[in-house]
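*Asks:* Protein chains in written order, with the working numbering: chain H, 1 to 173; chain D, 174 to 289.
Just so you know, not all the hints are guaranteed correct.
[What the hints assert, rightly or not] Covered, in the sense of this in silico footprint (three residues per stretch, anywhere, with C-beta under 8 angstroms from a C-beta of chain H), are these stretches of chain D:
no., stretch
1, 199-210
2, 216-225
3, 253-262
4, 281-287
Because the hints were derived from the structure by calculation, they are not lab data.
Everything numeric in this text was worked out from a predicted model, so none of it was measured.
Ideal placement from N, C-alpha and C gives every residue a C-beta, glycine not left out.
Below are the chains, spelled out letter by letter.
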Amino acid sequence: MREVCVNDQQSAGVAFEIDDTYFADVTGINPDSTAWFSVCERLNLPSAERIFFALCRSMALNSHVFKPGEVIAAEGAEVHESHIVMNGYVTVTQASGKSFRVGMGGVFGLAEGVMDLPHAYTVTAQGMVTTSVMPLSRVHREMPRIHKGLQGIERCTMMRIISGSGANIVDKS
Amino acid sequence: MSGFTAVTFKAGEVLFAAGDAAHELFILQSGDIELLDGKSGQVFATLVAGESFGEQAVLAGGVRSATAVAKGDCACLTLTAAGLNAILKKESPISNLLFQALHLQLFMQNALSQAR
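Extracted from the complex, chain D is given alone in its bound form:
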């Protein structure tokens, strides 16, 4: 896919740490990734092949809220913030709206899930 770069990580390797500036998003192609809470250090999610992660911070231009660690050897596709913006600029206005609104809905859903 144009704009994406293939990268690999060894077991235990840290992809990014909570508080880091968000420079790229990831699509996991093989292996598992563990996401650790930035405050407690506890694993709160294990991602499997096909899942994307890190896109919210990239979209908003913010910092990582979690730490991502390779559980085993992993292969990912990465897309930089600039690459994402370049792709979004080529998309139709409605596609851009969809992308932003879906991530806003995810923020809302996460807040509702925490409030349960």
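Just chain H, same shape as in the assembly:
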């Protein structure tokens, strides 16, 4: 994972993206296997890369392609679907004026959507961008059936995401 401070919308710096250098090394390996763990350890993969690669291996989601300049999410708007950036770069902005460039692995609208909150950011495709779409309607249907312990962990994770986003939103759940 590469992290660079970005304050200029035109800057080439990237605030967050997955380093896919070693993606091919884990392709074809079951994320639940000891072989997966061994390869991740040998490559010394950071946690975000491990989670993203595992996510890709288990992912059976629809993809969506956005053209340059197309708005993927609008700050304050109702969340209809969540996007995971699989290819390309997006500009992430807030009304506060903060602007970031985010690449592969960026996730938008998930915590907000699950908690019935509006989008925390405006997300715009910088070039051609491919995302995987998380079906929130299915997530909402599944939530009551999820293990209670996992639900607690997920709720805690979502609160940290929402709190960190600095968005002016209130938990309605």
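The hints should help you fit chain D onto chain H, whose structure is shown.
*Replies:* Showing chain D alone in chain H's frame:
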């Protein structure tokens, strides 16, 4: 809750240290836990009852990036990495995706917060 184990810690007790292999995650039931930066040793967060912690390293099979110390006497539920995997295996594919994607979103949000 099945798979979870109740544990208690005395004030000042170290739950885990930065650099340790991550074997379990925690859900704090009572008391406060301080998280210390692995490099500076400074407290960067104080967790209260109801919060979970340590799950990112467990999910990714990595090492602790912070040190956790009991501020006072604490009670926690712990879940081992194997226990978490066992639970996730029983969950639907969409539940697994949700769990992983939320933690990926948290990684992104932390990076954005640092870049502000």
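*Asks:* The structure should be examined with respect to each hint, and the outcome stated for every one.
*Replies:* Against the structure, the hints:
{"no.": "1", "hint": "199-210", "result": "violated (count 1)"}
{"no.": "2", "hint": "216-225", "result": "holds (count 3)"}
{"no.": "3", "hint": "253-262", "result": "holds (count 4)"}
{"no.": "4", "hint": "281-287", "result": "holds (count 7)"}
The structure fails hint 1 only (numbered hints given earlier).
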